[in-house]
Structures are given as structure tokens and as C-alpha cells.
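Peer 1: Starting from the given sequences, assemble the full structure and let the hints guide the process.
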Amino acid sequence: MDRSKEIAGFLRTRRAAITPEQAGLDSDGRVRRVPGLRRDEVARLAGMSTEYYTRLEQGRAGNPSPEVVEALSRALRLNASEREHLGDLLLARRAAVRRGPQRPQRVRPGLFLMLETLGHVPAFILGRRTDVLASNHLARAVLTDFDALPAPRRNLARYYLLDPQARERVGDWERIAAETVAILRLEAGRHPDDRQLADLVGELTLLSPEFSGWWNDHKVLRRTHGDKHYVHPLVGEMHFAYESFQVPGDTEQTLCVYNVEPQSPTAEAVRLLRGWASPAAVPDPAAEPADGGHAR
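Just so we're aligned, residue 1 is where the sequence shown starts under this note's numbering, counting upward by one.
Read the hints as simulated data drawn from the structure, not as lab findings.
Small disclaimer: the values here were computed from a predicted structure and weren't measured.
Wrong hints could be hidden among the right ones.
Unchecked claim - For each label pair, taking beta carbons as the anchor points, the in silico distance ranges come out as:
id, residue 1, residue 2, range
1, 35, 262, 46 to 52 Å
2, 152, 13, 30 to 36 Å
3, 162, 241, 25 to 31 Å
4, 262, 5, 48 to 54 Å
5, 32, 63, 28 to 34 Å
6, 147, 12, 39 to 45 Å
7, 246, 5, 27 to 33 Å
8, 50, 209, 34 to 40 Å
9, 13, 275, 43 to 49 Å
10, 77, 153, 36 to 42 Å
11, 116, 267, 17 to 23 Å
12, 31, 162, 43 to 49 Å
Glycine included, every Cβ here is placed at the ideal spot set by N, Cα and C.
Peer 2: Right, here's the structure in full:
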């Protein structure tokens with residue numbers, strides 16, 4: 001990933017999204033040739049020179065301090081995910097030293113057991129790049145049978161954007177797919193040298209008509225909670241309130257749980273699915289990586 005281009009694209013799109021009125025700036029009478037804020041206006045709001053901000057936006061400012069990142073975040077009114085992403089982009093050298101090389105991702109035996117304990121609702125564990133590291137039988141019944149796919153293909157973004165079934169099964173598909181691209185954008189800022197992520201982005205660029213437009217918006221998102229709507233071919237519409245948690249001891253694994261309102265139509269649909277879907281045998285995670293033997 002070309003970090004200078006990433007910094008430039010992110011800062012340009014963020015300042016283009018804010019009007020001078022929203023930023024509390026009075027009109028200076030000049031004709032505006034760009035949407036949103038000009039560079040000199042962002043610099044003034046952040047308390048820095050226009051020359052320095054220009055070098056920042058062009059990726060030529062060296063290694064700015066956390067205070068500079070915070071000042072820009074306030075000036076551009078960034079949300080929590082955007083602040084995190086800006087820090088990843090601008091503080092990359094420090095972050096790279098701190099994080100070190102990536103290791104293959106494995107799911108602990110206790111987490112496999114937890115997924116089966118949560119057998120009354122769909123639940124799964126995501127790793128880097130939205131790789132599906134483990135899932136319970138209801139998650140495979142509601143979304144798709146990830147365990148039936150080759151290990152390198154078990155990826156949530158690839159499912160949403162490339163599997164024709166997803167467009168039919170995922171309610172509000174466009175919103176969910178766009179949010180997933182924003183999650184990948186956040187990942188790319190955090191792991192700029194992840195070759196598998198670069199390959200995934202390349203594949204999605206080539207095969208998904210919508211991907212490039214969403215990717216070039218430079219929107220970022222960290223999954224926390226929200227609503228999901230599915231239309232299952234056997235039980236019809238299903239509505240879930242999902243919660244996502246970072247796994248203790250491994251901040252790059254996320255447990256996703258699709259909660260169900262008691263005594264709702266979805267609860268009845270899940271009950272029927274639970275009767276039709278046979279839980280797969282729990283693999284021995286001590287014997288092989290969670291991805292079926294492929295380092296991810």
C-alpha cells in the first residue's frame with residue numbers, strides 16, 4: 001500500500017465532507033473551487049501552518065506527533081474509527097515497531113467451546129481481513145457454510161461482495177457490503193504490508209462492480225454493534241441485534257454474536273433452523289490452525 005496516497009486520499013475526502021459553516025468558519029468571500037474545506041482552512045482550525053498541513057496531506061511531513069494527529073482529528077471532526085485510522089496512517093513507523101511481524105491466527109480451545117455454548121444464536125470469530133476463523137452451526141446456517149469452503153476462501157468480505165447468494169440473503173445488502181469495505185479500509189491502515197489483504201483487495205477490485213467506489217471513499221469503520229437482516233430460503237426474514245467483542249488476549253480476533261429478541265418471529269425461525277442444522281464436530285484446535293491448516 002502506498003502510504004502517501006492513502007494519507008492524501010483520506011485527508012482530502014474528510015475535509016471535502018465538511019462545509020465551512022459546519023466548521024464554524026465565516027465566509028471570506030472567495031469563490032470555492034473545491035467541496036468542503038480548503039487546506040488553509042484545515043490548517044487554521046488545527047493550529048498549524050498551511051505549508052505544514054500541505055506536507056502532511058502529501059505524506060511528506062516525516063513522523064508527526066500524536067498531538068498533531070489529535071489536532072487534525074478535532075479540525076476534521078473525525079469519529080473514533082476515523083481517528084484510529086488517521087493515527088495508523090500518520091504514526092506508521094512507531095506502530096510498525098510496536099506491532100512487529102504478524103503471526104498465524106489460531107482460535108483457542110475455550111473459544112471453540114464458547115461458540116458451541118452459544119448454539120442457540122449465530123456466532124463466529126473473525127480474524128484479520130474479516131477471515132472467518134471459526135463459526136457455530138447456526139452461523140453457517142444463517143450466512144453460508146464457511147467450513148465447506150477451502151480455508152483460504154473463508155472470508156466475510158469475500159462472501160458479502162462476491163457470493164451471488166449473499167445479495168439474495170443479506171437484507172440491506174448495499175449498506176452491509178459498504179460497511180464491510182470500510183472495515184477492510186481500517187485494516188489496511190493498520191496492516192499496510194499485509195500481502196494477503198492486498199491480494200483480497202485486488203480480487204474484490206476486479207470482481208466486485210461496487211467495491212472500487214466504496215474503497216475510494218476512504219470511509220473506515222470498526223465493528224462494534226448494530227442490526228442485521230437476513231432473508232433465509234427456509235425460514236424467511238430474520239432480524240438480529242449483533243454485538244462484537246475483541247477476544248481477550250488477542251485484539252485481532254473478534255467474537256460476533258447475533259442476538260435474538262425472545263418470543264419474536266426470528267426466535268421461532270432460529271428454533272426451526274436449529275432443528276434442521278446439525279452441529280458440525282468441533283475440531284481439535286490444538287492439532288491444527290483454526291483456518292484448517294493454512295496460516296492466515
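Peer 1: Each hint needs a verdict: does it hold in this structure or not?
Peer 2: Here is what the structure says about each hint:
no.: 1; hint: 35 x 262: 46 to 52 Å; in the structure: holds, 47 Å
no.: 2; hint: 152 x 13: 30 to 36 Å; in the structure: holds, 31 Å
no.: 3; hint: 162 x 241: 25 to 31 Å; in the structure: holds, 27 Å
no.: 4; hint: 262 x 5: 48 to 54 Å; in the structure: holds, 49 Å
no.: 5; hint: 32 x 63: 28 to 34 Å; in the structure: holds, 33 Å
no.: 6; hint: 147 x 12: 39 to 45 Å; in the structure: holds, 42 Å
no.: 7; hint: 246 x 5: 27 to 33 Å; in the structure: holds, 29 Å
no.: 8; hint: 50 x 209: 34 to 40 Å; in the structure: holds, 39 Å
no.: 9; hint: 13 x 275: 43 to 49 Å; in the structure: holds, 48 Å
no.: 10; hint: 77 x 153: 36 to 42 Å; in the structure: holds, 39 Å
no.: 11; hint: 116 x 267: 17 to 23 Å; in the structure: holds, 19 Å
no.: 12; hint: 31 x 162: 43 to 49 Å; in the structure: holds, 44 Å
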